[in-house]
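Turn these sequences into a full structure, and let the hints steer you where they fit.
One line per chain: the protein sequences are A and B, in this order. To convert, note that position 50 of the first sequence is 50 in our numbering; the numbers rise steadily by one, no gaps. To convert, note that position 26 of the second sequence is 26 in our numbering; the numbers rise steadily by one, no gaps.
Derived by calculation from the structure, the hints in this document are not laboratory data. Some clues are possibly wrong.
Unchecked claim - Restraint ranges, calculated between C-beta atoms of paired labels, are given here:
id, chain 1, residue 1, chain 2, residue 2, range
1, A, P61, B, Q14, 40 to 46 Å
2, B, S39, A, D59, 26 to 32 Å
3, B, K26, A, N56, 18 to 24 Å
4, A, S40, B, K26, 17 to 23 Å
5, B, T67, A, A95, 25 to 31 Å
6, B, P112, A, T100, 37 to 43 Å
7, B, T27, A, L27, 25 to 31 Å
8, B, A78, A, R67, 31 to 37 Å
9, B, S39, A, E57, 22 to 28 Å
10, B, K69, A, N56, 31 to 37 Å
To be verified - No farther apart than 25 Å at their CA atoms in a straight line, the calculated lysine-lysine pairs in the DSS-like style are these:
id, chain 1, residue 1, chain 2, residue 2
11, A, K101, B, K70
12, B, K26, B, K56
13, B, K26, A, K44
14, A, K101, A, K44
15, A, K38, B, K69
16, A, K52, A, K101
17, A, K101, B, K56
18, A, K52, B, K26
19, B, K69, B, K26
20, A, K38, B, K56
21, B, K70, B, K26
22, B, K70, B, K56
23, A, K44, A, K17
24, A, K17, A, K38
25, B, K56, B, K69
Said to hold, decoys possible - Listing some non-contacts, in silico: residues in chain B with all C-beta distances to chain A over 10 Å:
id, residue
26, N22
27, R41
28, V44
29, K56
30, H57
31, L61
32, T64
33, K69
34, T77
35, R98
36, Q99
37, T101
38, G105
Quick reminder that beta carbons are idealized off the backbone N, C-alpha and C, glycines included.
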Amino acid sequence: DAMVIQNPRYQVTQFGKPVTLSCSQTLNHNVMYWYQQKSSQAPKLLFHYYDKDFNNEADTPDNFQSRRPNTSFCFLDIRSPGLGDAAMYLCATRASGVGTKETQYFGPGTRLLVL
Amino acid sequence: SQQGEEDPQALSIQEGENATMNCSYKTSINNLQWYRQNSGRGLVHLILIRSNEREKHSGRLRVTLDTSKKSSSLLITASRAADTASYFCATVLSSSARQLTFGSGTQLTVLP
Chain A
1 DAMVIQNPRY QVTQFGKPVT LSCSQTLNHN VMYWYQQKSS QAPKLLFHYY
51 DKDFNNEADT PDNFQSRRPN TSFCFLDIRS PGLGDAAMYL CATRASGVGT
101 KETQYFGPGT RLLVL
Chain B
1 SQQGEEDPQA LSIQEGENAT MNCSYKTSIN NLQWYRQNSG RGLVHLILIR
51 SNEREKHSGR LRVTLDTSKK SSSLLITASR AADTASYFCA TVLSSSARQL
101 TFGSGTQLTV LP
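Structure (C-alpha cells):
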C-alpha cells in the first residue's frame with residue numbers, strides 16, 4: 001500500500017561518482033518535491049515539479065538535477081557528489097487543484113553516504 | 001531560508017504527561033502545518049491550521065496559531081512511548097506558492 005516509494009533506501013557512492021535516486025508514487029499527484037535533510041536538521045527544498053514544469057530553488061547547487069519522465073516517477077541526479085552531499089533525500093507529493101488538501105505525502109527517504 | 005524556529009530543540013517527558021512544542025516564524029503565512037518524523041524515516045502530516053484559524057484539534061493533538069505573534073504551538077496530550085519522534089512545523093507563505101518551509105524541529109522522547 002506504499003504511496004510514495006523511494007529506491008534505494010540506502011545508497012553508497014564514491015566522491016565524484018554520479019548517482020541517481022528514484023521516487024515513484026501511486027497517488028497520481030501532479031506536484032512532486034525533492035528535499036535534502038542533513039542530520040538533526042530541517043528538510044530543505046531542492047526543487048519541485050508542477051506537472052512537467054520544473055522549479056529550482058535559488059540556492060540549490062548546480063550539482064543537483066532532476067528528471068520527471070511521467071506523473072509517477074521523479075529522479076534526483078547528483079553529478080559529482082561531495083562529502084557534504086551525504087544526507088537523507090526525501091521525495092514528497094501533493095495534489096493540486098480546487099478542493100484538494102495542501103498536505104504533502106513523503107516517501108521513506110534515501111540515505112546517501114559518500115565515501 | 002529557514003522560516004521557522006522551534007523550541008525546545010529537545011524534550012523528554014514521562015508517558016502520560018503532556019508535551020508542548022512551539023514554533024515561531026518570520027513572515028505572513030497562508031497556513032502552518034505540523035509533521036512528525038520517526039528516526040530515519042519520512043515525514044508524516046499531522047495537522048494543518050490556516051491563517052484565519054486560532055485552534056484545531058485532532059485526536060490527542062491540539063494546535064494553536066497566533067498570527068500577531070507569528071507563533072504556533074503543538075500540544076500532545078497523554079503522551080505514549082510511540083509518540084517519540086521529531087516534530088516539525090512548516091509554513092506555506094501563500095496560496096500560489098505552496099512550498100513548505102520547515103522549522104528546525106523538536107526531538108520528543110517519551111519515556112515508558
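Quick rundown of the hints versus the structure:
Between P61 (chain A) and Q14 (chain B) the beta carbon distance is about 44 Å. The supplied range of 40 to 46 Å therefore holds. Roughly 27 Å separates the CB atoms of S39 (chain B) and D59 (chain A), a value that falls within the hinted 26 to 32 Å. A beta carbon spacing of about 23 Å between K26 (chain B) and N56 (chain A) agrees with the range 18 to 24 Å that was offered as a hint. The beta-carbon spacing between S40 (chain A) and K26 (chain B), approximately 21 Å, falls within the hinted interval of 17 to 23 Å.
At about 26 Å, the beta-carbon gap between T67 (chain B) and A95 (chain A) stays in the expected band of 25 to 31 Å. Range check, P112 (chain B) to T100 (chain A): about 39 Å between beta-carbon atoms, so the 37 to 43 Å window is met. For T27 (chain B) paired with L27 (chain A), a C-beta distance near 30 Å keeps the hint of 25 to 31 Å intact. For A78 (chain B) and R67 (chain A), the Cβ-Cβ distance of about 46 Å falls outside the hinted range of 31 to 37 Å, so the restraint is violated.
For S39 (chain B) paired with E57 (chain A), a C-beta distance near 26 Å keeps the hint of 22 to 28 Å intact. In this structure the hint that K69 (chain B) and N56 (chain A) lie 31 to 37 Å apart at CB holds, the actual value being about 33 Å. Proposed proximity of K101 (chain A) and K70 (chain B) is supported: the alpha carbons are some 23 Å apart, at most 25 Å. With a CA separation close to 21 Å, the supplied pair K26 (chain B) and K56 (chain B) stays within the 25 Å bound.
Among the hinted pairs, K26 (chain B) with K44 (chain A) is consistent with the structure: their alpha-carbon atoms are about 17 Å apart, no more than 25 Å. Among the hinted pairs, K101 (chain A) with K44 (chain A) is consistent with the structure: their alpha-carbon atoms are about 21 Å apart, no more than 25 Å. For the suggested pair K38 (chain A) and K69 (chain B), the alpha carbons sit about 29 Å apart, so the restraint of at most 25 Å is broken. Between the alpha carbons of K52 (chain A) and K101 (chain A) the distance comes to roughly 21 Å, so the proposed pair stays at or under 25 Å and holds.
Pair hint K101 (chain A) plus K56 (chain B) holds up; C-alpha atoms about 16 Å apart against a cutoff of 25 Å. The straight-line distance between the Cα atoms of K52 (chain A) and K26 (chain B) is roughly 31 Å, outside the 25 Å bound, and the hint therefore fails. The suggested pairing of K69 (chain B) with K26 (chain B) holds, with an alpha-carbon distance near 10 Å, which does not exceed 25 Å. For the hint pairing K38 (chain A) with K56 (chain B), the CA-to-CA distance comes to about 31 Å; that exceeds 25 Å, so the pair is violated.
For the suggested pair K70 (chain B) and K26 (chain B), the alpha carbons sit about 7 Å apart, so the restraint of at most 25 Å is met. The suggested pairing of K70 (chain B) with K56 (chain B) holds, with an alpha-carbon distance near 16 Å, which does not exceed 25 Å. Of the pairs offered as hints, the one joining K44 (chain A) and K17 (chain A) holds, with about 23 Å between alpha carbons and a cut-off of 25 Å not exceeded. About 20 Å separates the Cα atoms of K17 (chain A) and K38 (chain A), which keeps this hinted pair within 25 Å; it holds.
Of the supplied pair hints, the one linking K56 (chain B) and K69 (chain B) holds, its CA atoms being roughly 17 Å apart against a limit of 25 Å. Once the 10 Å rule is applied to beta carbons, N22 (chain B) is consistent with being away from chain A; the minimum gap is 15 Å. The claim that R41 (chain B) is not at the interface with chain A is violated, since a C-beta of that chain comes within 10 Å of its own (minimum 6 Å). Listed as outside the interface, V44 (chain B) is inconsistent with that label: its C-beta sits roughly 7 Å from the nearest C-beta of chain A, within the 10 Å cut-off.
A cut-off of 10 Å between C-beta atoms confirms that K56 (chain B) is not in contact with chain A; the least separation is 13 Å. Against chain A, the non-interface label of H57 (chain B) holds: every CB pair exceeds 10 Å, the least being about 17 Å. Consistency note on L61 (chain B): stated as away from chain A, and its beta-carbon is indeed over 10 Å from all of that chain's, at 14 Å minimum. A cut-off of 10 Å between C-beta atoms confirms that T64 (chain B) is not in contact with chain A; the least separation is 19 Å.
The beta carbon of K69 (chain B) sits about 21 Å from the closest Cβ of chain A, which is more than 10 Å, so the claim that it is off the interface holds. Residue placement check: T77 (chain B) keeps its beta carbon more than 10 Å from all beta carbons of chain A (closest about 22 Å). Against chain A, the non-interface label of R98 (chain B) is violated: not every CB pair exceeds 10 Å, the least being about 6 Å. For Q99 (chain B), the shortest C-beta to C-beta distance to chain A comes to about 6 Å, within the 10 Å cut-off, and the non-interface label is violated.
The Cβ of T101 (chain B) sits about 8 Å from the closest Cβ of chain A, inside the 10 Å cut-off, so the non-interface label is violated. Not every C-beta of chain A lies more than 10 Å from that of G105 (chain B), the closest at about 6 Å, which undercuts listing it as non-interface.
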